[in-house]
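Q: The lines below spell out each chain.
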Amino acid sequence: MSESSRESIYQALASIRLVDPHTHINPHSPASTTLADLLGYHYYTELAHSAGMAKKEIEEEDIHPRDLVGRLIQNLGPLENTAQYQWLVEICRKFFNFEGDRIDESNWETLYDVAESKMSAADWSMTVLDQSNVQAVFLTNEFDDALTGFDTDTYIPCLRTDDLVFHLGKDSVRERLQFCTEISIDGSLTNLRNALDQRFEHFIKNGARACAISLPPTFEPKCVSDGRAEVALADVLTNGLNADPANQITLSNRVFWTLAELCDHHGIPFDLMIGVNRGVYADGVYQGQDLYDSRVSLIQYKELFNAFPKVNFPISVLASVTNQELVSYSWIFPNVITNGHWWYSNTPSFISRDAAARLEAVPRTKQIGYYSDAYKLEFVHPKFDMYRRILAKTLAEQFVSQNGWSEERAVELGRQVLKDNVDRIFPKPS
Amino acid sequence: MSESSRESIYQALASIRLVDPHTHINPHSPASTTLADLLGYHYYTELAHSAGMAKKEIEEEDIHPRDLVGRLIQNLGPLENTAQYQWLVEICRKFFNFEGDRIDESNWETLYDVAESKMSAADWSMTVLDQSNVQAVFLTNEFDDALTGFDTDTYIPCLRTDDLVFHLGKDSVRERLQFCTEISIDGSLTNLRNALDQRFEHFIKNGARACAISLPPTFEPKCVSDGRAEVALADVLTNGLNADPANQITLSNRVFWTLAELCDHHGIPFDLMIGVNRGVYADGVYQGQDLYDSRVSLIQYKELFNAFPKVNFPISVLASVTNQELVSYSWIFPNVITNGHWWYSNTPSFISRDAAARLEAVPRTKQIGYYSDAYKLEFVHPKFDMYRRILAKTLAEQFVSQNGWSEERAVELGRQVLKDNVDRIFPKPS
Amino acid sequence: MSESSRESIYQALASIRLVDPHTHINPHSPASTTLADLLGYHYYTELAHSAGMAKKEIEEEDIHPRDLVGRLIQNLGPLENTAQYQWLVEICRKFFNFEGDRIDESNWETLYDVAESKMSAADWSMTVLDQSNVQAVFLTNEFDDALTGFDTDTYIPCLRTDDLVFHLGKDSVRERLQFCTEISIDGSLTNLRNALDQRFEHFIKNGARACAISLPPTFEPKCVSDGRAEVALADVLTNGLNADPANQITLSNRVFWTLAELCDHHGIPFDLMIGVNRGVYADGVYQGQDLYDSRVSLIQYKELFNAFPKVNFPISVLASVTNQELVSYSWIFPNVITNGHWWYSNTPSFISRDAAARLEAVPRTKQIGYYSDAYKLEFVHPKFDMYRRILAKTLAEQFVSQNGWSEERAVELGRQVLKDNVDRIFPKPS
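Protein chains in written order, with the working numbering: chain C, 1 to 430; chain L, 1001 to 1430; chain G, 2001 to 2430.
Since the hints were made in silico from the structure, they are not lab data. Predicted, not measured: the structure shown is a model, and the values here were computed from it. Please note that a few of the clues may not be correct.
Unchecked claim - Partial list, derived from the structure: chain L residues whose beta carbon lies under 8 angstroms from chain G:
# : residue
1 : F1308
2 : P1309
3 : I1425
Said to hold, decoys possible - No farther apart than 25 angstroms at their CA atoms in a straight line, the calculated lysine to any residue pairs in the SDA-like style are these:
#  : chain 1 : residue 1 : chain 2 : residue 2
4  : G       : K2094     : L       : S1406
5  : L       : K1222     : G       : P2216
6  : G       : K2310     : C       : E407
7  : C       : K310      : C       : G240
8  : C       : K428      : C       : A234
9  : G       : K2170     : G       : G2149
10 : G       : K2222     : G       : R2295
11 : G       : K2055     : L       : T1365
12 : C       : K222      : C       : I249
13 : L       : K1056     : L       : D1283
14 : G       : K2222     : C       : T218
15 : G       : K2056     : L       : T1365
16 : G       : K2310     : C       : E80
17 : L       : K1055     : C       : I249
18 : G       : K2428     : G       : D2162
19 : C       : K310      : C       : T258
20 : L       : K1205     : L       : D1144
21 : L       : K1055     : C       : P309
22 : G       : K2094     : G       : D2162
23 : C       : K56       : G       : Y2041
24 : C       : K205      : C       : R424
25 : L       : K1094     : C       : E407
26 : G       : K2094     : L       : S1401
27 : C       : K310      : C       : H265
28 : C       : K310      : L       : K1055
29 : L       : K1056     : L       : R1278
30 : C       : K419      : L       : R1102
31 : L       : K1222     : G       : A2282
32 : C       : K94       : G       : G2100
33 : C       : K56       : G       : E2303
34 : C       : K222      : L       : A1282
Beta carbons are placed, not taken as given, at the ideal position from N, Cα and C, and that holds for glycine.
Turn these sequences into a full structure, and let the hints steer you where they fit.
A: What follows is the structure in structure tokens.
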């Protein structure tokens, strides 16, 4: 019975047209042009490297996409067991008429040709969106992105702020900020705030629905006084990356707090992605160098959550051991929202246990079930589908079988976390 | 097969008359008088607030219970998915002839009337206990509770000591201690100890079977020398809450250690509930402000567990990530006992995984399966029933199906953790 | 369907002849001589003690094995629910014609006699290996072990280095090192390194395939300069265990780093078993005193993993909360390998969730599924069998049922983590 409930709930969930609330899609090139774009996703390159493939084999400059795919295919054997490999097989089945279980030396060339041919269609992006039952995707835009040349109803801008908070010590970042805002980043906190505000104006005018940032496990947001912030800003302006580390942290805090104030002022959510250490494996492949210290707590965000009761904070945690805190903080704080299953927690067994804990304890209106985090549109489908299958199983077992809910009611809950909450928590700017 | 085992094990467990080893029941008013007492439970007010209901709507003074229930009902929709909502539905079904799945604007008024009518019976408390198959419940008494005017066989006193350990800096707490003991709390450690001892005498004389305390994640019990303790006590007596924080911590440690000595002397267990941070969400509703930092370890209790080999320490941990440590410490230390599923870990998915880990590795004599933590008697049933269903499932799958146990043997294990261990670990004072 | 898949996958896995990559078997006395050797395993003594049996009852000197078994049997009742008890029953069923579920006062004497008779056979060790379908086991040898008098094809040496890294302050350890190497441990770093290198030569010449160590949660490997190391070594040589604690830690780091260099030089893996605090319960029974602080992170090993890209580090973590970090670090670092389910994480529910997370995210070539950690050969079978059953269940559910794999393909993955990776990661020295 649970088996058939699960299947019918899954079918109902699969029929819902999605909005993907966090991706890294490039709206000027949203879909892939060859299999190399798919296999170039860091999950494949880093896993192939982890399994023994040399970095220089993977990152050779000017290599032809077909040659790169040929090389990577030879190194996919050790990855066959991974959820990530499963996504790839799903993509090939869904979009390229592939019927096998394994992509290997016996079949990749045909697959490469079929894919290239399909991808060359002028409307390939729209085809992928359509076949994936996806209506729109959120982007991850640099703060100085012009946000022009694409349809912001389909590709929804999102202001990513890591550079502003953590890299203002770099000349290049300050120059970019000055250039795009035409506001001088000198020692004035007012100018700094005005420049940030101008970015919010620009983004919101262009349809942005969220501000977002990823944060290291050591970060602990604090309100910094003007006096303290001025000293820190002066040091960083003078000494850049050689400024006193305490001042760099102070400035990060000041900028972060200002962003929260601007989210409050402009009425948009502030997505916090908590827990990543950058560059842990320095010799890793591109985007395959980051890891984490799971000893992080949401208690570090106590001051922030209390200070901004009107800002919605959709929170992603990198490690599943933080999920229970996320559940509890969302259950208590009106402005804390559970958000998806991020990166190293985005594999079936972690999703299963984390989603189950959320569904039984966080108000149903405060859960954003999933986002794909994809760099290319083709990945939205298999990632969401992995989640949908787990969600359907949890709904069938926890709600239908154990709590005696009807399937309709379970689907209604699924729809809410999968789709409706995205629309409500990230409303279209009016 | 596992399905039918599970059901028959559940039925056998449900027939066991329970003693609930930890509640916050008020013995002078143990059951509810209207639905407002049920919906006023912090789980509903805090979740409704978290989902958007204003605090002032919830905590308006002098509001009529019926009006409050009407308001809360309008805000329960977002909570329907939670385990806590499920408890409420179970209560209404069990005690008030309710047959629906949802309590909403269409049916709450009838339900309110039925409940009020039933609750007005003179023997309502006994009816609830009886229908819940509950023989007795442990209380949580303030240290200066007179412990008179109720049947201590049914409502078993328990000495709660948070105020003594953490709030002796408050004039009101010292005054209450002086008043009830008639011992002067001056700079004398002897007097302080005598006052505490007098409280143990008072409680034990009145049938108390445990001393209990909740502890913040930073607490690390230590034996404090007399000299050091005298300095700390003098500072706290003079400066109250403005005393040197180090002295306040030292005094907390001294009092805590003295309580452990008195548990040893009087032969009663010391319930430790480890890991709560009070007042994290300062603007939350009543009792809906506490959260935690899951970065806590039982290694902090190493000195305590070694110093008091004859004191039984039933331990509750707030976060499921600490459960494995609890399992391991109970497996090694004769005086460490696993105790229930506390607060933020008291939802089905955390109970499932935590109970499974205990049942397979901690001696069966050292596990107290569950306590309800209830404030009103009506909640004892649905909470225990949630646990019993999970326990039955675990016994059916882990022991009957995987290990080949008979159902009888599985039920015997279930009975031990559910009931027998409570009787043995908290014996009646002779 | 999943049920039958599981059974046929289990049968296929059970037919694989194993190499156990980590045990504490004494090659001069690999199997038991009476039931006392089995019941003397620390799991039974520490659990019986935890459940109330006095240490002096367990550790009485010169007690006859039969009397000790009689005593322990009387105290096994409270342990019947544990996975460890299940191992014991499995051993008795497999090797001693036992047909019951419980070993108790009614049947232990017969069992004792049957076991003693079987164990007295000259080829008992080979019989156990053969019936367990085990080809060879890795040992845990003291650094000064002569490694003579046993078949190193069956009993594979492994250089255990805890004493060298953490106890060089003890006169006895330095004396043992001098004695076995004939190199003077004076203030010279060169001599110290030469002595260590000589141990590697000795071990590898005798068939060793790994260097191993267990590490406390506070340990954070660092490269120490020669100058700093000389100061530390001089202090430790002069003051032994009274040396400045900072110098003792520095010397530990220096020795540890040198061991990693020697693993690199000699091309053997360095097994790291991370997270144990020794002697937490000081009055516990022999080997029943160690526990842990689960607040540990692999970020502490960042410098090490980056510095030795060619050294394979099979990693065991003591607490399941560290498992996700292990998964992620293995997925990113080519030289990090997941290794078994250690000690307090070696019970079914932790194995299940930890193994599932590894199988879905770590390259299949980088997972060593299991080791027994056994002290006597009889335990290899029930421990591996516990793992095999869980592995079969995970493969049937995650891969066959959910991902649509054939059973053959699932068995192939199981074989790789169970056996093939052991052969490949710990190759025979050529």
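Q: Verify the proposed pairing of K1056/L with R1278/L, using a straight-line Cα cut of 25 angstroms.
A: holds, 21 angstroms
Q: Does G2100/G sit within 25 angstroms of K94/C, going by the straight-line distance between their CA atoms?
A: The hint is violated at about 54 angstroms.
Q: Tell me if the straight-line CA distance from K2310/G to E80/C falls inside 25 angstroms.
A: holds, 24 angstroms
Q: Is it true that the CA of K205/C sits at most 25 angstroms from the CA of R424/C?
A: Since the Cα atoms of K205/C and R424/C sit roughly 19 angstroms apart, the hinted pair holds (cutoff 25 angstroms).
Q: Within 25 angstroms, alpha carbon to alpha carbon, are K1222/L and P2216/G?
A: holds, 22 angstroms
Q: Check the hint pairing K310/C with H265/C against an upper bound of 25 angstroms on the C-alpha distance.
A: Holds, because 9 angstroms separates the two Cα atoms, which is no more than 25 angstroms.
Q: Between K2056/G and T1365/L, does the CA-CA distance stay at or below 25 angstroms?
A: holds, 21 angstroms
Q: Holds or violated: are the alpha carbons of K310/C and G240/C at most 25 angstroms from each other?
A: Cα-Cα ~34 angstroms, so violated.
Q: Is the Cα-Cα distance between K310/C and K1055/L 25 angstroms or less?
A: Status holds; Cα separation ~14 angstroms.
Q: Taken at face value, is the distance from the CA of D2162/G to the CA of K2428/G at most 25 angstroms?
A: Given that 25 angstroms is the threshold and the Cα spacing comes to 24 angstroms, the pair holds.
Q: Regarding the hint that P1309/L lies at the interface with chain G, is the smallest CB-CB distance below 8 angstroms?
A: holds, 7 angstroms
Q: Are the Cα positions of K310/C and T258/C separated by 25 angstroms at most?
A: Distance ~15 angstroms between K310/C and T258/C Cα, so the pair holds.
Consistency with the previously given hints fails for numbers 1, 3, 6, 7, 8, 9, 17, 22, 23 and 32, ordered from lowest to highest.
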